[in-house]
Amino acid sequence: MKILVAVKRVADYNVKVRPRSDHTGPDLANVKMAINPFCEIAVEEAVRLREKGIATEVVAVSLGPQAAQEQIRTALALGADRGILVQTDVALEPLAIAKCLKAICDKEKPDLVLLGKQAIDGDNNQTGQMLGALTGYAQATFASRITVGTGSLEVIREVDAGLQTIAIKLPAIVTADLRLNEPRYASLPNIMKAKKKTIDTTTPDELGIDVTPRTRLLKATPPPDRKAGIKVEDVAQLVDKLKNEAKVIA
Amino acid sequence: MTSLVLAEHEKGALKGATLATIAAAKALGADIHVLVAGADCAAVAQAAAKVAGVAKVLVADNAAYDHQLAENTALLLAELAKNYSHVLAPATTTGKNVLPRAAALRHRAEPGCDKNAHRARHGF
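Here the protein sequences come in this chain order: Y and E. If you're matching positions, the first sequence starts at 1 in our numbering and goes up one per residue. If you're matching positions, the second sequence starts at 1 in our numbering and goes up one per residue.
Isolated chain E (complex conformation) (with noise of 0.2 Å):
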């Protein structure tokens, strides 16, 4: 059992809301890797890999991932939710805008097996 957290970040750094997060995370009792999506996000992912409790990183370092936007960082974590117990997200505009899309495209993906795109928002 892992879960997988999407990272928020901005302008080369780690938001807040992450690390509470991957705190909520903690909370689910299973191993953590976090989703760092974004343009030239090597330093987030270096921020991230610090944080305590995070076993692994995954970067998605692409222009496609630029901003964040919803389309495209939705099909990444739809595609490597497969591999998750649980997949959470800030509860932010940006973790709202694309932790439903990803969801929902799980579900279509594979009908009946929506336990992966089970939706964790925690907001603290």
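Chain Y on its own, in the form it takes in the complex (with noise of 0.2 Å):
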């Protein structure tokens, strides 16, 4: 079985960001890029397979500037075997980055695509299920175990009201929740061997997909401070205030 990560190259999710202060968009001057979170357990569950020797490749794509190899090199030094790197400098959407996997996906004919199921800087939830789309394959989102049968999958979901566990066959898209596993520390030995490994460079035009954002961000604001506390006397004022001023009780 051959499974296709993909991997996204965000801001660190433990910098704080801020908007900048034109309030054109977040301020990501100077700031710790990292693999997605999300996306490194797609990562972890992928080398997993490949491990129990279910999969017998597992090819890292990302797309992005050309410093997005960092993060293919992140994934390959967990164990994927080699890398594709999608380069543009365009602020890609949801639907141009599952285009762009469509069309690898096209070529490389995996059985398995495994995702994070939305990145921590745009939060949109969207590209594995567009994905699924596009190439047809059955989609598995929010999945929180993965058990590999004869040409097909069973996962376990974790939506609103608990676990839904559902059979889908292959060729299959997978969303990684939080859940699924925790991803492993790479080794400076894996480091060392992933600097060795290859990653091919395309770009979305020799793909022959147009990426041109079809979204404008208008503003970015930071959440509004939050005013501070008062003390009360006594129950009678506070009382006095929550009927009052907040007006949560009648």
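Hints in this document: simulated from the structure, not taken from any laboratory. This one's a predicted model, so the numbers in the text were calculated from it and none came from an experiment. Be a bit skeptical, because a hint or two may be false.
[As the list claims (entries may be wrong)] Pairs of lysine-lysine residues, derived as DSS-like cross-links and limited to a Cα-Cα distance of at most 30 Å, are as follows:
hint: 1; chain 1: Y; residue 1: LYS247; chain 2: E; residue 2: LYS15
hint: 2; chain 1: Y; residue 1: LYS169; chain 2: Y; residue 2: LYS107
hint: 3; chain 1: E; residue 1: LYS11; chain 2: Y; residue 2: LYS169
hint: 4; chain 1: Y; residue 1: LYS196; chain 2: Y; residue 2: LYS107
hint: 5; chain 1: Y; residue 1: LYS169; chain 2: E; residue 2: LYS82
hint: 6; chain 1: E; residue 1: LYS26; chain 2: Y; residue 2: LYS247
hint: 7; chain 1: E; residue 1: LYS26; chain 2: Y; residue 2: LYS219
[Stated by the list, open to error] In silico negatives: residues of chain E with every beta carbon more than 12 Å from chain Y:
hint: 8; residue: LEU19
hint: 9; residue: GLY29
hint: 10; residue: ALA30
hint: 11; residue: ALA39
hint: 12; residue: ALA47
hint: 13; residue: VAL51
hint: 14; residue: VAL54
hint: 15; residue: LYS56
hint: 16; residue: VAL59
hint: 17; residue: ASN83
hint: 18; residue: ALA91
From the three backbone atoms N, C-alpha and C, an ideal C-beta is built for every residue, glycine too.
Reassemble the complex: the two chains are provided individually, in unrelated frames, and hints are given to aid placement.
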């Protein structure tokens, strides 16, 4: 079984991102970038399937600037076999990403495509589903456990009301939720080995895909500052404030 | 201009998130149609028809739509979306599972016309 796993370059989850002073978007200058945590979980799952002998090859794909190679290297250090970078400096939207991944799928013919359920920068939660539509593959989003059968998968999905178990045919798209696994740390020997693995570079143009953005970011603002609280003298004053100022009790 | 709201339901009952989505559709100011897709979902359709502001309920009652899984529901939604200016679904795991798939299907069918696949998700 061949697995394609998509990784996204995002601001590290520890970084507190602020909007630029002119409100034109998040300020990412000199911010530490990392692999999206959900993508990391997807890579880990792919590597585990590889270690169990279920998968034969794990290909890591990323889309973005030249620097996104770093995130592919991270995936390679975790155990992926080779990488593909679709290089572009355009800010990619989920549909554009899904179209590029579809083109890669046509070439690579994976049996399973693993993605994170969403990226921590855009929080779109769309790419996997859109790729499912474009390829016509079955989809299992929010996966918290994957069991591979013959020509099929049994996936436990984390839905609002609890857990949902579905069976889907391969080839399929699976998007990883938080509890699918706990990613390993890359060991130093593996990081060194990852430097020797190949990364093929292509562009959206070469894939024949128009990635021009279809939405426009109008404004990015920080959440309003929280006002300081006050101390109340006694219960009567508290009740009075709840009734008349906050109007939370009648 | 008409909006289509994908209803979410379980065991013959309309889920609360659907009502929030209908309220969001009202804010768009268009007529509201509701799509109820599922197996044995006549009771849900009746309930949806009683919601204030809903002009029409479309019912797709077939085993293929049981559990509202994304693959079939998205095909149906993408096909119906041709006739609507906005398509809305609750921002629940079901809605998030179906809507992006339908949006991408729409785009595949008619490139350059993804107004219909407009994504208006409202998390209340």
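Going through the hints against the structure:
1. Using a Cα cut-off of 30 Å, the hinted pair Y/LYS247 and E/LYS15 holds, with the two alpha carbons roughly 28 Å apart.
2. Restraint check for Y/LYS169 and Y/LYS107: satisfied, since their Cα atoms lie roughly 20 Å apart, inside the 30 Å limit.
3. Of the supplied pair hints, the one linking E/LYS11 and Y/LYS169 holds, its CA atoms being roughly 26 Å apart against a limit of 30 Å.
4. Distance check on the hinted pair: Y/LYS196 and Y/LYS107 sit about 23 Å apart at the alpha-carbon level, within 30 Å; holds.
5. Straight-line distance between C-alpha atoms of Y/LYS169 and E/LYS82 comes to about 29 Å, which keeps the hinted pair within the 30 Å bound.
6. With a C-alpha separation of about 26 Å, the suggested pair E/LYS26 and Y/LYS247 falls inside the 30 Å cut-off, and the hint holds.
7. For the suggested pair E/LYS26 and Y/LYS219, the alpha carbons sit about 25 Å apart, so the restraint of at most 30 Å is met.
8. For E/LEU19, the shortest C-beta to C-beta distance to chain Y comes to about 15 Å, beyond the 12 Å cut-off, and the non-interface label holds.
9. With a cut of 12 Å on Cβ distances, E/GLY29 stays outside the contact zone with chain Y, its closest approach being about 20 Å.
10. Every beta carbon of chain Y lies more than 12 Å from that of E/ALA30, the smallest distance being close to 20 Å; the non-interface claim holds.
11. Distance check for E/ALA39 against chain Y: the nearest CB is about 15 Å away, which clears 12 Å, and the non-interface claim stands.
12. Listed as outside the interface, E/ALA47 is consistent with that label: its C-beta sits roughly 18 Å from the nearest C-beta of chain Y, beyond the 12 Å cut-off.
13. With a least beta-carbon separation of about 20 Å from chain Y, E/VAL51 lies farther than 12 Å from that chain, consistent with its non-interface assignment.
14. The claim that E/VAL54 is not at the interface with chain Y holds, since no C-beta of that chain comes within 12 Å of its own (minimum 23 Å).
15. With a least CB separation of 26 Å from chain Y, E/LYS56 remains clear of the 12 Å interface cut-off, as annotated.
16. Look at E/VAL59: its CB is around 23 Å from the nearest CB on chain Y, clear of 12 Å, so calling it non-interface holds up.
17. No Cβ of chain Y comes within 12 Å of the Cβ of E/ASN83; the nearest lies about 19 Å off, and the non-interface call holds.
18. Not every beta carbon of chain Y lies more than 12 Å from that of E/ALA91, the smallest distance being close to 9 Å; the non-interface claim is violated.
When the structure is compared with the earlier hints, a violation turns up for hint 18 alone.
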